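Q: Following the hints, position chain B against chain A.
Protein chains in written order, with the numbering used here: chain A, 1 to 164; chain B, 165 to 387.
If you're looking for bench data, these hints aren't it; they were derived computationally from the structure. Just to be clear, a hint being listed does not mean it is correct.
Stated by the list, open to error - Label-pair ranges, simulated between beta-carbon atoms:
#: 1; chain 1: B; residue 1: ARG180; chain 2: A; residue 2: GLN145; range: 40 to 48 Å
#: 2; chain 1: A; residue 1: ALA75; chain 2: B; residue 2: PRO296; range: 43 to 51 Å
#: 3; chain 1: B; residue 1: ARG290; chain 2: A; residue 2: ARG77; range: 53 to 61 Å
#: 4; chain 1: A; residue 1: VAL3; chain 2: B; residue 2: ASP172; range: 27 to 35 Å
#: 5; chain 1: A; residue 1: ARG73; chain 2: B; residue 2: ARG180; range: 27 to 35 Å
#: 6; chain 1: B; residue 1: ASP230; chain 2: A; residue 2: PRO159; range: 49 to 57 Å
#: 7; chain 1: B; residue 1: THR171; chain 2: A; residue 2: ARG73; range: 27 to 35 Å
#: 8; chain 1: B; residue 1: ARG289; chain 2: A; residue 2: ARG73; range: 40 to 48 Å
If you're wondering where the values come from, they're calculated on a predicted model, not measured in any experiment. Every residue gets a Cβ at the ideal spot worked out from N, C-alpha and C, and that includes glycine.
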Amino acid sequence: MTVTLPPFHSLLDEHAADLHRFLVASVGPHDGADCFQETVISALRAYPGLSHDRNLRGWLFTIAHRKVIDHARSAGRRALPMAEPPELVTLDPDGPGSLPEDELWAAVRGLPPKQRSAVVQRYVLDRPYAEVAAVIGCSEAAARQSVRAGLQRLRADLPQEVRP
Amino acid sequence: MTGPHDTDDLVARLRRGPERPGAARPPATAGNGQAPDPDGLAALVDAALARADRDDLVDVGWVVTDSPVGPLTLAATPEGVVRVGFGTQEDVLEHLAGEVSPRVVRLPSRLDGLRRQLDEYFAGRRRSFDVPLDRRLSHGYRRQVLEALSQVPYGETVSYKDLAVRTGNPGASRAVGTAMATNPIPIVVPCHRVLRTGGALGGYGGGIDTKVWLLRLEGALAL
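In isolation and in its complexed conformation, chain A is listed as follows (with noise of 0.2 Å):
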């Protein structure tokens, strides 16, 4: 028996708000929106092939994830010789400048994909573990781990706030 699967039209007026948005957060709003059009694209191919329509948002947003890890990589081959990429990513380039919320997203795009998906669709997407991990590939508790150290990061790689 072969499964109904929703128009792929009802996926994108449910996701593509968020699913942009997750992917701004995580490599900025220029590199975002070719990430968008790519996942787009890549959902697209492969959607009739799908056996179920079981959480059809986790299966988006895992490649969704995918595109993010393929634009991490790539950034890194940009940015060799360096063996590691730079500690944080460039400001975007169509910012206004240093606003601290700048550092913050910048510091988010210099996190290692797996960390900066989990962080991003724990936080900024507001979603329970269990979807953090459908959408990297992990157990629950990885998914845990991973947004931990994430945060960790974020912590190590940004200045002091001074409080008001």
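A: What follows is chain B alone, placed relative to chain A:
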């Protein structure tokens, strides 16, 4: 050593999201292209889908268009127009996802030709449609009847019985009625031109008022 308060502050900032201060949040849905689009999200979706179309990934493209007989959902495969729907958009599209392919997305560009011809038709400036049709939703005798129906010209009417005779099955009036009731491409394939023997209106998928409106437009019904 940082305390839990620092983490809470960091989490609160993450929760506010990456949007620029003062920028509006994206709308909850990609919308239908007419909604406000403060972040260009709908434009981004449209650009992705235009690219998907170039990569042959859009099996069914659709658009909803206004008409004098109410909103119409128009859908086309790469081969041609596959569906004109009076019903709600979701019912029409879910049916297409099941019958044709789940790769169903909003793609107005694919329906530009049909939309223009429908506008001309509704304005009384067009008498026949010249767009490729994809008749895959009808089969067997029903399809044969609908193909014969395409030969009934603007402004004329036939009876269910006439169509049964024309398709070589004089006793098949009832089957002709079923073919009309399940016509996937109404208006373009003119099932509104089929009446009961004796001239009673019979039924219509888009409602009897719509049938009357179309027949009056074509001058086939006296006021």
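Q: Next, verify each hint and record whether it holds.
A: For each hint, the structure was consulted:
1. The given range of 40 to 48 Å is broken by ARG180 of chain B and GLN145 of chain A, whose C-beta atoms sit roughly 24 Å from each other.
2. At roughly 45 Å, the beta carbons of ALA75 of chain A and PRO296 of chain B sit within the given window of 43 to 51 Å.
3. Range check, ARG290 of chain B to ARG77 of chain A: about 56 Å between beta-carbon atoms, so the 53 to 61 Å window is met.
4. For VAL3 of chain A and ASP172 of chain B, the hinted distance range of 27 to 35 Å is not satisfied, since their beta carbons lie about 43 Å from each other.
5. Under the hint 27 to 35 Å, the C-beta atoms of ARG73 of chain A and ARG180 of chain B, about 29 Å apart, fit the expected range.
6. Hint check: ASP230 of chain B to PRO159 of chain A, Cβ distance near 55 Å, so the stated range 49 to 57 Å holds.
7. Checked against the given bound of 27 to 35 Å, the beta carbons of THR171 of chain B and ARG73 of chain A, roughly 29 Å apart, stay inside it.
8. With their beta carbons about 57 Å apart, ARG289 of chain B and ARG73 of chain A fall outside the hinted range of 40 to 48 Å.
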